[in-house]
Amino acid sequence: MKNKLINSIFAVLLLSTVGCSEDYLNTEPTEIITQEQYTEAAANNPALVKGLVSGIYSTMFETGTGGTNLDHDDFGQKGYDIYSDMLSGDMALSASVYGWYSRLVNYQATVDFTRNENYKPWRYYYRIIRSCNIVIKTLGGNDITPVNQENKYLMGQAKALRGYAYFYLAQFYSREFESSRAILPIYTDPEQQAQPKSTTADVYALIVSDLNSAITLLNGYTRENKNQVNDVVAKGLLAYTYAAMGMNAEAKDLSVDIVNNGGFPKTTALELKGGFNNVNTPSWMWGADLTTDQGLDLVSWWGQVDVYTYSYAWAGDRKVMDNALYASIPASDIRKTQFSASTQLPLNKFFDPAKVAGGQRNITTDYIYMRVDEFYLLGAEAAAKSGDEATAKSLLSNLLSNRLTSTTYIDALTGQALLDEIYKQTRIELWGEGKSYLSMKRNHKNATRGTNHVYQAGTSTPSNDEKLTFKIPQAEVLNNPFIDGQNY
Numbered sequence: 001m002k003n004k005l006i007n008s009i010f011a012v013l014l015l016s017t018v019g020c021s022e023d024y025l026n027t028e029p030t031e032i033i034t035q036e037q038y039t040e041a042a043a044n045n046p047a048l049v050k051g052l053v054s055g056i057y058s059t060m061f062e063t064g065t066g067g068t069n070l071d072h073d074d075f076g077q078k079g080y081d082i083y084s085d086m087l088s089g090d091m092a093l094s095a096s097v098y099g100w101y102s103r104l105v106n107y108q109a110t111v112d113f114t115r116n117e118n119y120k121p122w123r124y125y126y127r128i129i130r131s132c133n134i135v136i137k138t139l140g141g142n143d144i145t146p147v148n149q150e151n152k153y154l155m156g157q158a159k160a161l162r163g164y165a166y167f168y169l170a171q172f173y174s175r176e177f178e179s180s181r182a183i184l185p186i187y188t189d190p191e192q193q194a195q196p197k198s199t200t201a202d203v204y205a206l207i208v209s210d211l212n213s214a215i216t217l218l219n220g221y222t223r224e225n226k227n228q229v230n231d232v233v234a235k236g237l238l239a240y241t242y243a244a245m246g247m248n249a250e251a252k253d254l255s256v257d258i259v260n261n262g263g264f265p266k267t268t269a270l271e272l273k274g275g276f277n278n279v280n281t282p283s284w285m286w287g288a289d290l291t292t293d294q295g296l297d298l299v300s301w302w303g304q305v306d307v308y309t310y311s312y313a314w315a316g317d318r319k320v321m322d323n324a325l326y327a328s329i330p331a332s333d334i335r336k337t338q339f340s341a342s343t344q345l346p347l348n349k350f351f352d353p354a355k356v357a358g359g360q361r362n363i364t365t366d367y368i369y370m371r372v373d374e375f376y377l378l379g380a381e382a383a384a385k386s387g388d389e390a391t392a393k394s395l396l397s398n399l400l401s402n403r404l405t406s407t408t409y410i411d412a413l414t415g416q417a418l419l420d421e422i423y424k425q426t427r428i429e430l431w432g433e434g435k436s437y438l439s440m441k442r443n444h445k446n447a448t449r450g451t452n453h454v455y456q457a458g459t460s461t462p463s464n465d466e467k468l469t470f471k472i473p474q475a476e477v478l479n480n481p482f483i484d485g486q487n488y
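Residues in the sequence shown are numbered from 1 upward in steps of one, following UniProt numbering.
Hints may be right or wrong, so weigh each one.
Said to hold, decoys possible - List of simulated lysine-lysine pairs, DSSO-like, C-alpha gap at most 27 angstroms:
no.	residue 1	residue 2
1	152	50
2	50	137
3	273	467
4	336	266
5	467	445
6	355	273
Said to hold, decoys possible - DEER-style ranges, computed between Cβ atoms:
no.	residue 1	residue 2	range
7	219	191	28 to 34 angstroms
8	46	415	51 to 57 angstroms
9	444	337	30 to 36 angstroms
10	342	446	23 to 29 angstroms
11	477	209	26 to 32 angstroms
12	270	354	17 to 23 angstroms
13	40	424	38 to 44 angstroms
For the record, the hints were derived by calculation from the structure and aren't laboratory data. C-beta: ideal position from N, C-alpha, C; glycine also.
Construct the complete structure from the given sequences, taking the supplied hints into account.
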């Protein structure tokens, strides 16, 4: 009876946490359960907290988590990976039949705060943050290290995920790293009411604090599956954070540590053309193992990008590599064969194993969030920026050694030429994985479009242009009395 009662309490809280509402700041139904009651129940049954953390991971791939019912681009982190890849210009919408992403790539959505494209990522990431805050408070609060080992690991995961969410909010809702500019409200307690915007410096200070704390708390943690964050994934998130802040020596050190000590081999030549559909790929550090139990179908990343899935890409809304980027890949580079020479579709990079056009109806191909190859590239970039060109060249050559027939040309590169090569290789290697936008912003590059884009073909837009950054959504402006205008 006791366990039934506790499980019922957990179910009520979880539903109230993840249920859709127009404003993430709405007060939860305290007449049903209070934070104190939940904390007391969780003390008697730690499985309640574990269940809530599992729910956060599910939020990352569930549909409707951006607050819509149901936009077909609203399916968690991978949905916003498509947003960012398209804004970077590296993922081209080369044909549009059904209209998804058309307002985004035509720069209509990002300049109009009433558009839902601004609301969905805001809603999603703050939903993650609120759930993390519930876990953290239940385990004692922001400054507490739980004594129980399992709770310690749960606290570490919650802090890592909160850091992850604030990092992406900072990327999407600020043009560049300007320490004194107010950009986002900070919430570190689930019972906080509406807050004013905090400065970039304060937001990043929280991200760094959360991720450093997570690394410490997760030391020694053996995760059950790659869906969960461990200390190596937390280090990866922190490396990206330091790189965005311009703290390149720190980003380099973390990246090199991941490459040398993380326990993940780089992606092989065979795996590069293996479909990027299996979370058990040795180089994958973080991802989601999708089965029919999750119930994903058309409304998913695969349902937008893969022509071998019953998808918009198959039906005519093609997401392809920018043709100028494709043309820059040497014929001897194995990664060129990931894409169709005629259409630039990623036919041999991302695919359902059956390879039947429009075939996969129920999604069982997995989601990738992070792989070790990213840190060869991020480490090379950070090393070059911090004056350690020897390490930069070593990391870049190591990664490319099984992609190119020869990497000797790298030896002669120096200064801006070396940085430009690292940037290009990052765009090629990580195409379609949601990393190009992050790279574009921290390197202050333009989003330059080739001729195969339906909209804005041939344009070049600076990374700090307002068209490449989301607006604070209308719902937040209306419901938060402390938000009286946009960031820019």
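When you take the CB atoms of residue 46 and residue 415, is the distance between them in 51 to 57 angstroms? This hint holds: roughly 54 angstroms between Cβ atoms.
Is it true that residue 444 and residue 337 lie within 30 to 36 angstroms of each other by Cβ? 32 angstroms, holds
Can the suggested window of 38 to 44 angstroms be confirmed for the beta-carbon pair residue 40 and residue 424? 55 angstroms, violated
Is 26 to 32 angstroms right for how far apart the beta carbons of residue 477 and residue 209 are? 28 angstroms, holds
Quick one, are residue 50 and residue 137 close enough, alpha carbons at most 27 angstroms? 14 angstroms, holds
Straight-line alpha-carbon gap residue 336 to residue 266, limit 27 angstroms: 18 angstroms, holds
Pair hint outcome, residue 273 versus residue 467 [Cα-Cα no greater than 27 angstroms]: 34 angstroms, violated
Is the hinted range of 23 to 29 angstroms satisfied by the C-beta distance from residue 342 to residue 446? 27 angstroms, holds
Run the distance test for residue 467 versus residue 445: straight-line Cα separation, threshold 27 angstroms. 14 angstroms, holds
Between residue 270 and residue 354, does the C-beta distance stay in 17 to 23 angstroms? Given range 17 to 23 angstroms: holds, Cβ gap about 18 angstroms.
At the C-beta level, are residue 219 and residue 191 separated by a distance inside 28 to 34 angstroms? 30 angstroms Cβ-Cβ, so the 28 to 34 angstroms window holds.
Holds or violated: residue 355 and residue 273, Cα atoms, limit 27 angstroms. 13 angstroms, holds
Hints 3, 13, counting from the list given before, are not met by this structure.
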